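Visitor: Just need the whole structure built from these sequences, with the hints factored in.
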Amino acid sequence: NAGVTQTPKFQVLKTGQSMTLQCAQDMNHNSMYWYRQDPGMGLRLIYYSASEGTTDKGEVPNGYNVSRLNKREFSLRLESAAPSQTSVYFCASVKSGGYTDTQYFGPGTRLTVL
Amino acid sequence: GESVGLHLPTLSVQEGDNSIINCAYSNSASDYFIWYKQESGKGPQFIIDIRSNMDKRQGQRVTVLLNKTVKHLSLQIAATQPGDSAVYFCAGFWGIQGAQKLVFGQGTRLTINP
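These protein sequences, in sequence, are chains A and B. For the first sequence, the residue numbers in our numbering are 1 to 114. For the second sequence, the residue numbers in our numbering are 1001 to 1114.
Hints were generated in silico from the structure; no laboratory data involved. Since the model is a prediction, treat every value here as computed from it, not as a measurement. Glycine residues also receive a C-beta, built at the ideal position from the N, C-alpha and C atoms. Hints are all accurate, no fakes.
Examples of chain A residues toward chain B, derived with CB under 8 Å: (1) G40; (2) M41; (3) L43; (4) L45; (5) F90; (6) T102; (7) Q103; (8) F105; (9) G106; (10) G108.
Guide: Have a look at this one:
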C-alpha cells in the first residue's frame, strides 16, 4: 500500500512549455485534490475531484487543467507554464469527502519555471 | 472569504519543553479544524483534529484547543523531541457539495533545540 504517489519529484520547465503532473492513490479513495505550496504560505487548492468523473475549481485554478482519469489517478496539466507557477505541488486523497475524513498527501512535485 | 492564519512564522523551544502553536480563523461557519505536520521534503501529515462542538481534544503528546468566541485554536506539544521539528499548519474545513475544502494557514516552523 503506497498511499499517494506523485511523479515527477522535480521538474524544470521553460516559460511556455507544457507538462502534466501525475498523481495516483491505492487506497480506493473517492475524492482527490491538487494543491500548490509557495514559500511562507499554506497550501492553496487548485482543483479537486469529489468523485470519479467530476472535477471542480478550487481557490487558484487559473493556468491549470485537471483530469480524473479513473478512481486512482488525478492529473494536473500546465498548458503554458509561467514563472508564477514555480511552486511545490501536492496531491491528496480522502475516502469520501466527509468532513471528518483525513486527507492523505503525496510527497510533492517541486516545479521550477524559468 | 475564509481565511486561516498563524500568529508566528517561527518558534524555537528547548528539547523537553512544551510548545504552543497558535492559529486564528475568520469564518464562523467552519465546524472542523485540523493540524498538519510537514517535515522537510514531505507532504503534510495529519496530527489531530477537532470539531466545533468541542473545546479540547487530546492525542499522544498533542492537545488542540478551540476557542470559538475569539475564533482561535492552538496546538500544544508536550515534552518536545527532535522529531517534532517541522512546519505545522492549521486548516479549517468548509465543505462543498460533499467534497472537503480545506483552507490552510501559512504555517509555523517549529525548531527543537537540543
